[in-house]
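Trainee: Given chain H's structure and the hints, the job is docking chain G onto it.
If you're matching them up, the sequences are chains H and G in order. Residue 1 is where the first sequence starts when you use the numbering used here, and the numbers rise one by one after that. Residue 167 is where the second sequence starts when you use the numbering used here, and the numbers rise one by one after that.
Everything labelled a hint here was simulated from the structure, so no lab data went into it. Glycine included, every Cβ here is placed at the ideal spot set by N, Cα and C.
Here are the simulated lysine to aspartate or glutamate pairs, DMTMM-like style, with alpha carbons at most 25 Å apart: (1) G/263 / H/161; (2) G/268 / H/86; (3) H/23 / H/86; (4) H/23 / G/262; (5) G/263 / H/160; (6) G/263 / H/86; (7) G/263 / G/241; (8) H/23 / G/260.
Distance ranges between label pairs, derived from CB positions: (9) G/264 / H/49: 39 to 49 Å; (10) G/251 / H/106: 37 to 47 Å; (11) G/255 / H/10: 35 to 45 Å; (12) H/129 / G/263: 47 to 57 Å; (13) G/263 / H/57: 27 to 37 Å; (14) H/10 / G/251: 31 to 41 Å; (15) H/161 / G/263: 20 to 30 Å; (16) H/125 / G/267: 43 to 53 Å; (17) G/215 / H/161: 42 to 52 Å; (18) H/146 / G/264: 26 to 36 Å; (19) G/264 / H/134: 41 to 51 Å; (20) G/266 / H/98: 27 to 37 Å; (21) G/264 / H/130: 41 to 51 Å.
Computed from the model, here is a short list of chain H residues facing chain G with C-beta under 10 Å: (22) 29; (23) 36; (24) 70.
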Amino acid sequence: MTISFLLLAAITITGTAAAMSLKNAVHCILALTLGMVGLAALYLQLGAEFVGLTQILVYVGAVAILAVFAIMMTRSRTSETAAGSDPSRFSGLVTALLLFTVLAVAICTGISSQTLGGTPPEATVHAVGVALMQRFILPLEIIGVLLTAALIGAGMLAIEEKGEGR
Amino acid sequence: MNPLSAYLLLSAMLFSLGLAGALTRRNAILVLIGIELMLNSANLNFIAFWRYSPHPEALTGVMFVIFSIGIAAAEAAVGLSIIVAVYRHFRTTDLDKINYLKG
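One chain only, chain H, in its complex shape (with noise of 0.2 Å):
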């Protein structure tokens, strides 16, 4: 555990603690996307640098602008009321500890402490393109497909009806 890998998951806790605890919905998804920058640079650490390029093109270039857009569209920005002692917001909260807990137990005491991984794999940009030209073709092919039926049906979607007042 280095210095780095502690710092980057200081930010990346920190902004994703900060999105999800924020009242201001704007200032949520700003704080998010400080959280998936971090998340971005520890992709980057373990060496799978295409991932890293594209978690911040996709978080933070187009998840986050949409998510404004849906807050500006929605006006809810300052819809969310302060409630003190919500008893569904306490038992997600303990569900959410609880997980965490039984999560942190396993990890800690099901793997073995033995030295992994000495030097970092190769995984660049070329490598990766090769193998979604050569072995993952089919797969490509399917989220092109599922990524064009979303936009079509997010535009059916959010897109006005005749006739509807507003």
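Mentor: Positioned in the frame of chain H, the structure of chain G alone reads:
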């Protein structure tokens, strides 16, 4: 603690944060963001296991994450447009007020 467990612990923490957000937030857009966080923590697990696997040259972990990011992007687009459509009908995105199916 070896580096793999550190990454897995970070991923578990991200998943728990996303789950807490999805269960406690009332704004539908932020619930969707929480689900995205849970997907991202699974992606971090894939990359960490790929990095410390005995055969990383097969690139399976990287490929799984690339396709997973594509599917997450499609899910976010469709989910946000559904939220816009729901807002047009109910005039709110507060999930506590959208309770027509409540028994």
